[in-house]
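In order, the protein sequence lines correspond to chains L and V.
Taken in order, the first sequence gives residues 776 to 915; the numbers are from our numbering.
Taken in order, the second sequence gives residues 6 to 208; the numbers are from our numbering.
Some clues are possibly wrong.
Unchecked claim - Pairs of lysine-lysine, BS3-like flavour, derived with a Cα cap of 30 Å: (1) V/61 - L/833; (2) V/123 - V/197; (3) L/806 - V/121.
As the list claims (entries may be wrong) - Covered by chain V, according to a simulated footprint, are these stretches of chain L (three or more residues, beta-carbon under 8 Å): (4) 791-797; (5) 834-840; (6) 852-859.
What the hints assert, rightly or not - Examples of chain V residues toward chain L, derived with CB under 8 Å: (7) 56; (8) 57; (9) 72; (10) 79; (11) 83; (12) 86.
No lab work stands behind these hints: they were computed from the structure.
It should be emphasised that the depicted structure is a prediction, and the values quoted were computed from it without experimental measurement.
Even glycine gets a Cβ: it sits at the ideal position worked out from N, Cα and C.
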Amino acid sequence: MNKLFKILIYFVITLIVVLGIGYLVVRNMPKASTKNVKAELSITAEDLYSQFSGNEGKANKDFVGKVITVEGDLIDSFTDEQGNPAIILGNQDSDLVFVTLYSSESEKLSSLPMDSKIRIKGTCTGMLSEVTINKAIVTE
Amino acid sequence: MMKEVSNNFFFILLCILFSAGFISAQNYQTRTGHLHVMSSNRVMDIEADNYQVQSKLNPQTGEITFTGLTKSFEMDNGTLDRAFNSKRVNLNGYPKFNFIGTIADPSLIKFDTPGKYKIRVRGELTVGDLKRQTSANGHVTVNADKTIRAESSFVMKIEEFNVERINGMMKKRIPSSLGINFNSLGISRDIKIDLKLNYRKRR
Numbered sequence: 776m777n778k779l780f781k782i783l784i785y786f787v788i789t790l791i792v793v794l795g796i797g798y799l800v801v802r803n804m805p806k807a808s809t810k811n812v813k814a815e816l817s818i819t820a821e822d823l824y825s826q827f828s829g830n831e832g833k834a835n836k837d838f839v840g841k842v843i844t845v846e847g848d849l850i851d852s853f854t855d856e857q858g859n860p861a862i863i864l865g866n867q868d869s870d871l872v873f874v875t876l877y878s879s880e881s882e883k884l885s886s887l888p889m890d891s892k893i894r895i896k897g898t899c900t901g902m903l904s905e906v907t908i909n910k911a912i913v914t915e
Numbered sequence: 006m007m008k009e010v011s012n013n014f015f016f017i018l019l020c021i022l023f024s025a026g027f028i029s030a031q032n033y034q035t036r037t038g039h040l041h042v043m044s045s046n047r048v049m050d051i052e053a054d055n056y057q058v059q060s061k062l063n064p065q066t067g068e069i070t071f072t073g074l075t076k077s078f079e080m081d082n083g084t085l086d087r088a089f090n091s092k093r094v095n096l097n098g099y100p101k102f103n104f105i106g107t108i109a110d111p112s113l114i115k116f117d118t119p120g121k122y123k124i125r126v127r128g129e130l131t132v133g134d135l136k137r138q139t140s141a142n143g144h145v146t147v148n149a150d151k152t153i154r155a156e157s158s159f160v161m162k163i164e165e166f167n168v169e170r171i172n173g174m175m176k177k178r179i180p181s182s183l184g185i186n187f188n189s190l191g192i193s194r195d196i197k198i199d200l201k202l203n204y205r206k207r208r
């Protein structure tokens, strides 16, 4: 009887510890990041914009949720509500791709002159007035 | 000679009037609006942020629009964020949300004078194929540098069948091995929404 009671106590303690560790892992797991994810495809800002403006439904299926590399001219730079850098890739006529970068990219971005050709990697989230990329880093 | 001076004067006057009218009719816009959404269940708060909300404000008509992408939401909880960003979660049916509304009595806001003004906005919110008439209180702050900040916090009650629809979708996408009971751990009917928009004049 005494032995059975001991086994029960060990079982309950083990269960509490496992559930506690599980709860802590679930609560403290870091958010999804694109930093160490390999890009699924590489495309220019012009091509990406024309794919979305040509057939948005198809482009949503092809690009949304995917980590992609986009190359284009840097034409505007500002910060968003949480202080993260945000940029526009485009040309003289139009804004093509809106990109929100990780805060860690601020220093790298400040060294890039306007109108320079840059390459970013991030998650495509769809199209508003421009194609939108989130959680991005500057790769070149 | 006198006629030429007079013509030039009228031309310059017309230019000034036209440019003044053009400047005052300029819309304000932002691409980096912040939408914070919170829903509570019996165990925890489910919170998400979207920092890529685009919005336009017409100071003459008081028309205010904002739009955003569902995939731009970042969940506060890392586990949920990973599940939300995984390829299993297909939001093709709900790629965007969109609001078109009007500020009641926009003439009360002096867009050229720094100050804080209370507002009431009424309009239509669309998420995928779901449309809903809604209204909310908030305030507009005109800053010294002529940028505009609009803020609003409100609670939106969503219908029971939509709660079941969203929880059903989550149930389908999240592995059953996790044994999550979506009746007690899914989203609730009350969704708290905070919206912050920092406008600047359109380029």
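State the violated hints by number, sorted upward, taking the hints as numbered earlier in the document.
The structure breaks hints 3 and 4; every other hint is satisfied.
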